[in-house]
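K.L.:
Take a look at the letters that make up each chain.
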Amino acid sequence: MNILIPDSWLREFLETNAKPHEVAHALSLCSVSVERIEKIGDEYVYDIEVTTNRPDLASVWGITREAIAILPRFGYKAKMNSSAGGLSKLTLVSQVDYLTVKITNPSLCPRFTAALLENVEIGPSPDWMQKRLNLCGIRALNNVVDISNYLMVELGQPTHTFDYDKIGSGKMILRESQRGEEITTLDGTKRHLPKGVIVIEDGKGRLIDLCGIMGGENSAINEKTKRVLLFVQTYDPVRIRHACQTLSFRTQAATLFERSLDPENVMPALNRGVELFEKLTGAKVVEKIIDLYPKPYKPKGVNLDISLVEQVLGIKISPQEIKTILEPLGFEILLQTASHKLQATIPSWRADDISIPEDLIEEIARVWGYHNLPSTLPTGQLPNITPNPAFYWEDKVKNTLKNWGFTETYTYSLISKSDLENCGFEPQNYLRLSNPLTEEWEYLRPSLIPGNLKVLAENQSQSEKLRLFELSHIYLPRKGGLPEEKLILTGLLSGEKFYETKGIIETLCGELGIKNLSFKPLDSKTSTIWLSGKTAVIDNQLGTVGEIKPSVLEKFGATGKAVVFDLDFTKILSLATTQKQYHPIPKYPPLIEDLSIVAPSEVLTADITEAIRKVSKLIVDVSLFDQFKNARTFRIIYQHPQRNLKSEEIAKVREKIIKVLKQKFGAKLKE
Amino acid sequence: MEEQLLRIKNQAVSLILEAKDLKELEELRVQFLGKKGELAKIIKGLPKLAPENRSSIGRLTNEIKRTIEETLERQLQQLKTHSTQESGYIDVTNPGIKPAQGHLHLITQAIEEISSIFERIGFVRRRYPEVEWDWYAFEGLNMPQNHPARDEWETFFVDVPPSKKYGSMVLTPHTSSGQMREMEVNRPPIRMINISKCFRRQWDVSHVPMFYQFEGLVIDKGITITHLKGVLDYFVQSFFGPKRKSRIRPFHFQFTEPSFEVDVSCGVCLGKGCKLCKEGWLELGGAGMVHPQVLKNGGINSKDYTGFAFGWGVERTYMMKSGLKIGDIRLLYSNDLRFLNQF
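Protein chains in written order, with my numbering: chain A, 1 to 671; chain B, 672 to 1014.
Simulated from the structure, these hints should not be mistaken for laboratory data. All figures in this text were calculated on a predicted structure; none of them were measured in a lab. The beta carbon of each residue, even a glycine, is placed where N, CA and C say it ideally should be. Please note that a few of the clues may not be correct.
Per label pair, the in silico range of CB-to-CB distance [said to hold, decoys possible]:
1) N765(B) <-> L382(A): 53 to 61 Å
2) S518(A) <-> G767(B): 33 to 41 Å
3) S596(A) <-> K694(B): 50 to 58 Å
4) D999(B) <-> K300(A): 29 to 37 Å
5) Q336(A) <-> S877(B): 46 to 54 Å
6) K614(A) <-> Y760(B): 53 to 61 Å
7) R139(A) <-> E784(B): 43 to 51 Å
8) D999(B) <-> F628(A): 50 to 58 Å
9) S318(A) <-> E784(B): 50 to 58 Å
10) E655(A) <-> K694(B): 26 to 34 Å
11) P590(A) <-> P766(B): 36 to 44 Å
12) D999(B) <-> K226(A): 51 to 59 Å
13) L720(B) <-> P589(A): 47 to 55 Å
14) R678(B) <-> P589(A): 50 to 58 Å
Taking lysine to any residue and the SDA-like style, the derived pairs with C-alpha atoms no more than 25 Å apart in a straight line are [to be verified]:
15) K19(A) <-> C940(B)
16) K949(B) <-> G137(A)
17) K943(B) <-> D7(A)
18) K515(A) <-> Y499(A)
19) K992(B) <-> E35(A)
20) K769(B) <-> T507(A)
21) K561(A) <-> D1007(B)
Start from the sequences, fold in the hints, and give me the full structure.
P.N.:
Below, the structure is given as structure tokens:
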């Protein structure tokens, strides 16, 4: 949470020769982050980020305490100007005649304190108070409300003020709400409560306070108020937090209570409050104050082995120095020099934050100054772990595709329900979020294709020579466990570029040591996205490559044509290898022959190639060289490892090839 | 005969010296020194000469042959170096024919750079689940249920029944879950850098719902704050530049004690203070010494081992580096080619 503290208010408590920028610098380095200093007129206002563990710093008083401990370490003088709290003429009792209190469960409210102020004159608060509140971003309303806010900023203790005469029968029951109860808060909003919110019910059975968050409208102060009940409490942080989350609203007071406030701070706040009321509203306090505090703070201790300090910081600090560091922060230190230990008694305002020795070490280290510690690289043993080869291959694939003109995309891991359906996925089979940000990002994607089709659509102006790829995770549900996060490599080329894409896949796999891929036509006529006549499935479950149906492209807002390859990268990783093979260079030249074959178009080139290859061991390579109308020319390379081949030998093989092709496919040589 | 020979020599030499190209030279060589060339004719006619003249004519013929050869060689060299063949003109300011140039995403480039910096000092690169259990993302990191610290991370929940052992299924809001994962599979010494996707329910000029973080974890005997400072200084100098410095300030995380915020000195004013920075410094991210409870949850004895961790946004850190003035972080995930193809 962020708080605003005017410098002049701080100096009412803190006497120091440090200038505002110097105060901010010292605090930022050793205590809290002063994010900004604003100059408003001739006033400086600190904008401070207070972390969740230090609610004690969310006040002028808290910052003063820190500053007094920190500033001297930077060479500035710093001491307390006046003491808060002071002597009290008030008597604390557990029963008063002006208020009957019943608390159903003490865990709801660890300390319940209230003072009755009579003869209150409602009016504006003095200029100096209004000015200070304004500098903190708080609107001044009237003296009573302003005093309450003033206490919150000065001491970090939220308080509430009731119009005493509006409390039915002078009776209060502090309890948990039931589901369905209602209260209209001070801001005029009617709120429907769930079970478990801390509320106060008066003698007339009405809810008059949403404890720790906001008071009720029915008990609020107005210009006719004559008697005020000053209410100073601490509440159970968990219930306050639960209430704020369920009701979806939060106040500064609630934010403080959520962090668990120090009940010992109640009395100083009450005393100061009474003082301000008597000064500014002409009120007279009824001397007996009701204070229900069944479990007063028992000082707790933490023992610290001083050698642990060196273990964490890396430098030695003497026990005496440690004592001078910790004492100004409120710790009582007992040094046990013989055992090189110390015993620290924790002040009430740090009770929730300091529990283990490491917590004390943080206190010592930050005041000593992290900026004062040396800086060295660790020199211990290196972990003896085989690195994950996936990163190496991913880098290789990405850079290879980049050098072939591809642009890498990063699409969102979450897609919409319609994206899923448009690609033929059944939404109920995939994981969805229970609190998505929007409909666009509701399901964990089982494919990279929808996202990249969107990229195609959004970049139509560049659509002619588009080459995209993404190498990232998809998420497949697993029963009773976390989903399988599978790496997929998806690429997209705009236009009718099937053979180019096939070539890219083959060469890319070649780069990874994966050779001899085999492509087969996609069998299914029922694919939602693939054009089945122009799509191939790669063997070994490596993936699919083909044209996307124009109707699907249209659904994503893309026009034209696109060829996509969708590869299981996890599978690729299992096959990738850096291992090379050496084949001795043949001593004798190969013989190369081209055969033009005419075969029915349903006969696959791969089948013809395979059939030719099988004919003789002398054939070291067969590939489709050219295609013209119905003739396919195959280039056949013959080689013998130990000698030159004679043309008669080749002729024999050629005859056999022609025979086999005729038998198998009804194919013949072109005339 | 002698006259004839001398005439041949003079003719040959002058023709050779006037030769303009290699072709001509070759023709001249053939003409004078070839099998059917001028000198060959003379040599054929030698036996018809009177014996007393034969040897002197023979000698002269050889001399002339040598002279012609030498002249040819000299001229050949001359032509090679001052060849007027090698003239011709093209307009060199016309566009070149460029090979294909693709583009890796900025995030990939950032990740490559960041991991290589850490790998140089012995860190092992890891990647841990993006869809995680509450235990790994929060509870194991010392953030019990209902703790206000959880609010800092606006978490996405997956619509499945929670696990009895591990709690709800979430999209991890930070790479710190990787700390629990790492301790599960490795014993100290641990030096790891986890770069993974994270998710948070935020969408504005400086936040996207899906982003990358990199998280370093070092656990060993005798690890202190000075080592954390050392690693931070090393990173900041390698990544931002040799003149840059890092500093740590007090902060709070449930899973570290002490906790820090890390700043890097401003690249523009080098720490003196200017319009672009906060008193000479820019915020980088968080860090801290691993909380003993977290070590315990990871099965490591905090009496024997200590460690530190730091976790920062990849996008943010990278954008701070080169002064890339990308005002809106959402541009990084817009996949507009006019943006991606700039890098």
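K.L.:
Next, verify each hint and record whether it holds.
P.N.:
Verification of the supplied hints:
no.	hint	result
1	N765(B) <-> L382(A): 53 to 61 Å	holds, 54 Å
2	S518(A) <-> G767(B): 33 to 41 Å	holds, 39 Å
3	S596(A) <-> K694(B): 50 to 58 Å	violated, 42 Å
4	D999(B) <-> K300(A): 29 to 37 Å	violated, 50 Å
5	Q336(A) <-> S877(B): 46 to 54 Å	holds, 50 Å
6	K614(A) <-> Y760(B): 53 to 61 Å	holds, 57 Å
7	R139(A) <-> E784(B): 43 to 51 Å	holds, 50 Å
8	D999(B) <-> F628(A): 50 to 58 Å	holds, 54 Å
9	S318(A) <-> E784(B): 50 to 58 Å	violated, 43 Å
10	E655(A) <-> K694(B): 26 to 34 Å	violated, 50 Å
11	P590(A) <-> P766(B): 36 to 44 Å	holds, 41 Å
12	D999(B) <-> K226(A): 51 to 59 Å	holds, 57 Å
13	L720(B) <-> P589(A): 47 to 55 Å	holds, 54 Å
14	R678(B) <-> P589(A): 50 to 58 Å	holds, 53 Å
15	K19(A) <-> C940(B)	holds, 23 Å
16	K949(B) <-> G137(A)	holds, 22 Å
17	K943(B) <-> D7(A)	holds, 24 Å
18	K515(A) <-> Y499(A)	holds, 17 Å
19	K992(B) <-> E35(A)	holds, 22 Å
20	K769(B) <-> T507(A)	holds, 21 Å
21	K561(A) <-> D1007(B)	holds, 19 Å
In this structure, the hints that do not hold are numbers 3, 4, 9, 10, in rising order.
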